[in-house]
Amino acid sequence: MRRFQMPPQILRLVLLTLAIVGSYMVARVFLTPATFGQYGWYRGAALEELAARTPVYAGKKACDECHSDILHKLAGDAHKTLSCEACHGVSRTHADDPDILPVKLTGSHCIRCHEANPSRPAWFKQIVVKDHYSGKCTECHIPHQPTQSP
Amino acid sequence: MKTQFNRRGALARLGGILAGVLALPVARTAKAAVQRVFVSSGAARGYDPSKHKWLMCIDVNKCIGCGLCAEACKKENGVPEGPYFRTWIERYIIQKPKPGSGQTRGETLVDSPDGGMHGFPESPVPRDQIEHSFFVPKLCNLCEHSPCVQVCPVGATFDAPDGAVLIDPKYCIGCGFCIQACPYGCRFLSPVTKTAEKCTLCYHRITRGLKPACAEICPTQARIFGDLLNPVPDDPIQKFYEQNRVQVLKPYLGTAPRVLYAGLDKEVR
Numbered sequence: 069m070r071r072f073q074m075p076p077q078i079l080r081l082v083l084l085t086l087a088i089v090g091s092y093m094v095a096r097v098f099l100t101p102a103t104f105g106q107y108g109w110y111r112g113a114a115l116e117e118l119a120a121r122t123p124v125y126a127g128k129k130a131c132d133e134c135h136s137d138i139l140h141k142l143a144g145d146a147h148k149t150l151s152c153e154a155c156h157g158v159s160r161t162h163a164d165d166p167d168i169l170p171v172k173l174t175g176s177h178c179i180r181c182h183e184a185n186p187s188r189p190a191w192f193k194q195i196v197v198k199d200h201y202s203g204k205c206t207e208c209h210i211p212h213q214p215t216q217s218p
Numbered sequence: 016m017k018t019q020f021n022r023r024g025a026l027a028r029l030g031g032i033l034a035g036v037l038a039l040p041v042a043r044t045a046k047a048a049v050q051r052v053f054v055s056s057g058a059a060r061g062y063d064p065s066k067h068k069w070l071m072c073i074d075v076n077k078c079i080g081c082g083l084c085a086e087a088c089k090k091e092n093g094v095p096e097g098p099y100f101r102t103w104i105e106r107y108i109i110q111k112p113k114p115g116s117g118q119t120r121g122e123t124l125v126d127s128p129d130g131g132m133h134g135f136p137e138s139p140v141p142r143d144q145i146e147h148s149f150f151v152p153k154l155c156n157l158c159e160h161s162p163c164v165q166v167c168p169v170g171a172t173f174d175a176p177d178g179a180v181l182i183d184p185k186y187c188i189g190c191g192f193c194i195q196a197c198p199y200g201c202r203f204l205s206p207v208t209k210t211a212e213k214c215t216l217c218y219h220r221i222t223r224g225l226k227p228a229c230a231e232i233c234p235t236q237a238r239i240f241g242d243l244l245n246p247v248p249d250d251p252i253q254k255f256y257e258q259n260r261v262q263v264l265k266p267y268l269g270t271a272p273r274v275l276y277a278g279l280d281k282e283v284r
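Protein chains in written order, with my numbering: chain A, 69 to 218; chain B, 16 to 284.
Everything labelled a hint here was simulated from the structure, so no lab data went into it.
Just so it is clear, CB atoms sit at the ideal spot from N, CA and C, and this is done for glycine as well.
You may find that some hints are simply not true.
[Unchecked claim] With a straight-line Cα cutoff of 27 Å, these simulated BS3-like cross-link-like pairs (lysine-lysine) come out:
{"id": "1", "chain 1": "B", "residue 1": "Lys185", "chain 2": "B", "residue 2": "Lys90"}
{"id": "2", "chain 1": "B", "residue 1": "Lys281", "chain 2": "A", "residue 2": "Lys129"}
{"id": "3", "chain 1": "B", "residue 1": "Lys265", "chain 2": "A", "residue 2": "Lys129"}
{"id": "4", "chain 1": "B", "residue 1": "Lys68", "chain 2": "A", "residue 2": "Lys129"}
{"id": "5", "chain 1": "B", "residue 1": "Lys111", "chain 2": "A", "residue 2": "Lys193"}
{"id": "6", "chain 1": "B", "residue 1": "Lys265", "chain 2": "A", "residue 2": "Lys128"}
{"id": "7", "chain 1": "A", "residue 1": "Lys129", "chain 2": "B", "residue 2": "Lys254"}
{"id": "8", "chain 1": "B", "residue 1": "Lys90", "chain 2": "A", "residue 2": "Lys128"}
{"id": "9", "chain 1": "A", "residue 1": "Lys141", "chain 2": "B", "residue 2": "Lys254"}
{"id": "10", "chain 1": "A", "residue 1": "Lys148", "chain 2": "B", "residue 2": "Lys265"}
{"id": "11", "chain 1": "B", "residue 1": "Lys113", "chain 2": "B", "residue 2": "Lys90"}
{"id": "12", "chain 1": "A", "residue 1": "Lys128", "chain 2": "B", "residue 2": "Lys68"}
{"id": "13", "chain 1": "A", "residue 1": "Lys128", "chain 2": "B", "residue 2": "Lys66"}
{"id": "14", "chain 1": "A", "residue 1": "Lys148", "chain 2": "B", "residue 2": "Lys254"}
{"id": "15", "chain 1": "A", "residue 1": "Lys193", "chain 2": "B", "residue 2": "Lys209"}
[What the hints assert, rightly or not] Which residues of chain A face chain B? A few of them, derived with a C-beta cut under 7 Å, are:
{"id": "16", "residue": "Arg70"}
{"id": "17", "residue": "Trp109"}
{"id": "18", "residue": "Ala114"}
{"id": "19", "residue": "Leu118"}
{"id": "20", "residue": "Ala119"}
{"id": "21", "residue": "Arg121"}
{"id": "22", "residue": "Tyr125"}
{"id": "23", "residue": "Gly127"}
{"id": "24", "residue": "Ala130"}
{"id": "25", "residue": "Lys141"}
{"id": "26", "residue": "Ala154"}
{"id": "27", "residue": "Phe192"}
{"id": "28", "residue": "Ile195"}
Using the sequences and the hints, build the whole thing.
Put into structure tokens, the structure is as follows:
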């Protein structure tokens with residue numbers, strides 16, 4: 069019986085295929101980021117990178133550290149659900165350095181929520197500003213305790 | 016061939032297996048420690064994404080359309096100027112039917128000027144012609160089966176283990192498939208980075224124990240943010256379930272959103 073001999077063209081083809089597959093595997097090892105596949109088919113490090121951004125709004129808890137008296141007043145009245153920064157604006161810089169004062173907002177800010185609009189829910193207190201009063205809101209209402217008058 | 020068993024050999028083998036098993040966690044910890052040294056990025060420490068499952072509950076009956084959430088989102092996340100929003104408010108105005116039309120309701124108008132960021136102008140329909148009108152805050156619906164993740168060709172968008180659907184800005188090629196796939200219109204192509212952008216649930220805030228900016232700023236608590244795996248005492252999420260009949264947007268798509276709405280109307284898409 070004649071011994072089987074691999075035809076040289078087949079051998080070349082096999083070697084070429086192996087070389088292509090091999091170089092693909094090597095390239096893959098080097099090009100895939102280390103954390104790819106850590107949680108799933110994506111770069112696990114992306115989670116950390118997205119979380120690395122610095123928050124802009126300080127949050128009510130930060131205000132509570134110094135202004136707990138005002139927060140206590142606020143909690144006892146109709147504006148209890150409001151976050152401080154809803155009216156006082158972004159106060160991160162103030163929370164980090166109390167010497168930098170937050171932006172003070174004026175009466176136009178009250179109207180943003182309380183101007184009458186048929187799309188607003190009926191339970192929500194609304195006024196038609198031009199029929200209500202032409203002066204400042206704070207002349208009659210205390211923003212931190214809206215049901216009381218100064 | 017005859018296998019030889021003796022006490023000494025068996026004990027040695029058993030000891031070897033035991034040592035191997037004990038060494039595994041040690042090796043894993045060592046590997047993790049080495050990785051931490053080389054891949055640290057200054058992000059919030061001690062946050063384990065597998066120990067949370069975030070969700071957002073929205074009570075449409077409480078939304079007053081002030082637009083503080085849309086504005087806060089822009090400021091918090093540095094969303095580009097112009098018609099690009101990660102969260103926005105839609106105003107639905109459902110008109111009364113024309114007399115004799117035989118219909119229960121008239122035409123529905125939906126608008127969202129500037130994403131509702133600066134509030135809403137006077138209704139284009141006179142008050143006496145409005146049957147219902149309400150505001151619907153929108154954001155990423157946190158789908159359990161996200162169509163946007165399925166279509167991404169490069170693995171740039173993904174469902175994080177904590178339920179947030181995120182985009183890896185370094186991997187996104189800006190092909191826009193996900194923008195077309197999202198049935199809720201929650202994605203856009205950023206004109207600045209030329210990559211897809213979307214609500215991250217303020218990932219940098221929630222990993223630090225803060226609420227997302229929109230939920231933080233909402234004056235009526237129309238948006239309630241919570242964690243399904245770590246209920247807090249007197250959990251507002253639990254209360255939300257108990258006090259409301261809860262719906263999701265486009266339930267027929269099978270996306271299983273984790274943004275739940277109370278007080279939706281059939282006109283809301």
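Can you give the numbers of the hints that this structure goes against, from lowest to highest? 2, 3, 6, 10, 11, 15, 16, 24, 25, 28
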